Amino acid sequence: MITAEAAIYRARRDLTLGLILKGILIAALLACLLIGPQGPRLILLAVVGGIWVSVNVASARGSRLAAASPSLIAAGQFEEAEQQIDEAVRAFSVFRNVKLQTLEYLAQLRHAQRQWKESALLCRAVLGHRPGSVRQRNKPCRLMLADALLEMNEVGGAWDAMNGLYAQRLSLSEVLHLLLLQLDYNARIGAWPHMFDQIAGKVQLAELMPAPAAARAQALLGLAAGRVGREDWLKWLRSRVELIGDVQKLCTDRPMLWELWRTDAPKE
Amino acid sequence: MDLTPPPNDALNVPLLLESSEPRPRFAWGGYALVGFILVLFFSSLGRDDSLGSARIMQVFSVVLMLFVLAGLPVWSAFAVRALRDEQQQVEAVGELIQLRRWPQALLMLQAFLSRPARSARLRSQGLIYLGILLGRFHRFTDAVAVNTYLIDNDLVDPATAYGLRLGRTLAMLREDHLFDADRAISELRRLTAGGDSAGLALVQIYRDVKTGHPEDAIALFNDNLPILREQLGHRAADAYALVARAYDLLDRREEAALAFSRATCLAPSMELLRRYPELEKLVGRYTPAPAPAEAL
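Which chain is which? The protein sequence lines are A and B, in order. The first sequence runs 1 to 268 under the working numbering. The second sequence runs 1001 to 1296 under the working numbering.
Please keep in mind that the hints were generated in silico from the structure rather than gathered at the bench. Wrong hints could be hidden among the right ones.
[As the list claims (entries may be wrong)] Straight-line Cα separation of at most 25 Å, SDA-like style, residue types lysine to any residue; simulated pairs:
| no. | chain 1 | residue 1 | chain 2 | residue 2 |
| --- | --- | --- | --- | --- |
| 1 | A | K202 | B | M1270 |
| 2 | A | K249 | B | N1224 |
| 3 | A | K249 | A | F78 |
| 4 | A | K22 | B | L1064 |
| 5 | A | K139 | B | D1085 |
Quick caveat: nothing in here was measured; it's all calculated off a predicted structure.
Bound-form chain A, shown alone (with noise of 0.2 Å):
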């Protein structure tokens, strides 16, 4: 099992190899277009034709190498999709999106893995390279970073990953995945009222989301509707979740939720 400092530091490596080889193939080949003889100048063309070429066919099979990880992740087999990122982390490629695209898939699988540091550490070392080469990642990786630290409870760091999206154009599944960081952070945080504002918009976009998520949404909206004192929220939410949820496996992954299930409320 590659650990992730290892991929970051092959990664970084192969970066700063892949820069040097593309200016010596540019230098390469103005040289060979405007001096020397020409025989040898047609030669030098071809060969450097020939090492682009090799360099280009090993960074896209760098890249096929990890293509089929999310799949394989989403389908829980994480052996096989370790197997895969492990190849491509070490394939070499000079293209800068492959290898952190690679970086991005063992981050998903960490994340997947429950290991939450060592994605936290993937994502972070992502999101460290200049914007424009990372414009597609931005948003997966900040909400992958966002949801490890809060499984790590470093809501302060959760809250910066997830500053970096408002100014962003979030698609509709962004929004949704946004919208369960910001309630569980704002839970931690004790933030009732935010919560609890405009709750039925909130509460219309849960819907959306697969049965998991969309249950502990609603959860954390009733706990936030019965702190603000809406008792009719808190019924209504509960008894959704408890339609759609496992409310055992919800409340040991956030304890606080058992609070819903402990008032003296009487159940619908």
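Dock chain B against the given chain A, drawing on the hints supplied.
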């Protein structure tokens, strides 16, 4: 919420299937390759000529090479951008459907399918959304046709095809094509062998309610309740509502009332009624779950 079916000419399904077909595009890559070969050719021409002509050829080959080198990334950037725009358009349709903004989704999808798609994958995704919208506007025959087109032409992966088969079977049931639906359910059962499918359980419960076999519907519901909750989330409301109808058919009023209350706790009764007209008899007879005023 606009439930008015669009006029037939607003969604001309055969026309949209034809107009969205991807067309072969201008082969820029081939021209770039020819350009590259020309560079090599002109470079070699300059070798044996007089000094002046060699110099001209050299400059020409450098300019041509730079043109090829600069042109390829520019062309790639344009192509990628166009493809990304199209992808965003299709994703936006998906989001509008999720947010139940049906008329806006319909307009955007029509614009997308009215011209050749840049990628077969995006076209397939667009057609999947077309099937959903047609079902939403109660044009079940067209929805069945679109789903059949996608399945028969192998335009989607097996998992997506399974989902389309489920949607197609529900549409068949809505159109009272019970024989076709029964055959489709057998096919789905064969495909599901060894696995649990909440979608299939829901389709079968609907079939049993529709064909007057409420005991079978109740047994199916009880056997599959854990996966219905886990896989369907809020759409488990559909199963609760259908089983409420099954209990009602058997005159088991208390159980029907409880199931109806659970269904309406997860989804409004009007929405359930729109999905399953058979539930009409429950509305008024049983009380929906109480909900906060702001949630209604």
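Status of each hint after checking the structure:
A C-alpha spacing of about 21 Å is found between K202 (chain A) and M1270 (chain B), which places the hinted pair at or below 25 Å, so the restraint holds. Proposed proximity of K249 (chain A) and N1224 (chain B) is supported: the alpha carbons are some 20 Å apart, at most 25 Å. Note on K249 (chain A) and F78 (chain A): the hinted pairing holds, with a Cα-Cα distance of about 22 Å set against a maximum of 25 Å. Between K22 (chain A) and L1064 (chain B), the direct Cα distance comes to roughly 21 Å. Compliance with the 25 Å bound is thereby established for this hinted pair.
For the suggested pair K139 (chain A) and D1085 (chain B), the alpha carbons sit about 19 Å apart, so the restraint of at most 25 Å is met.
Of the hints listed earlier, there is not a single one the structure fails to meet.
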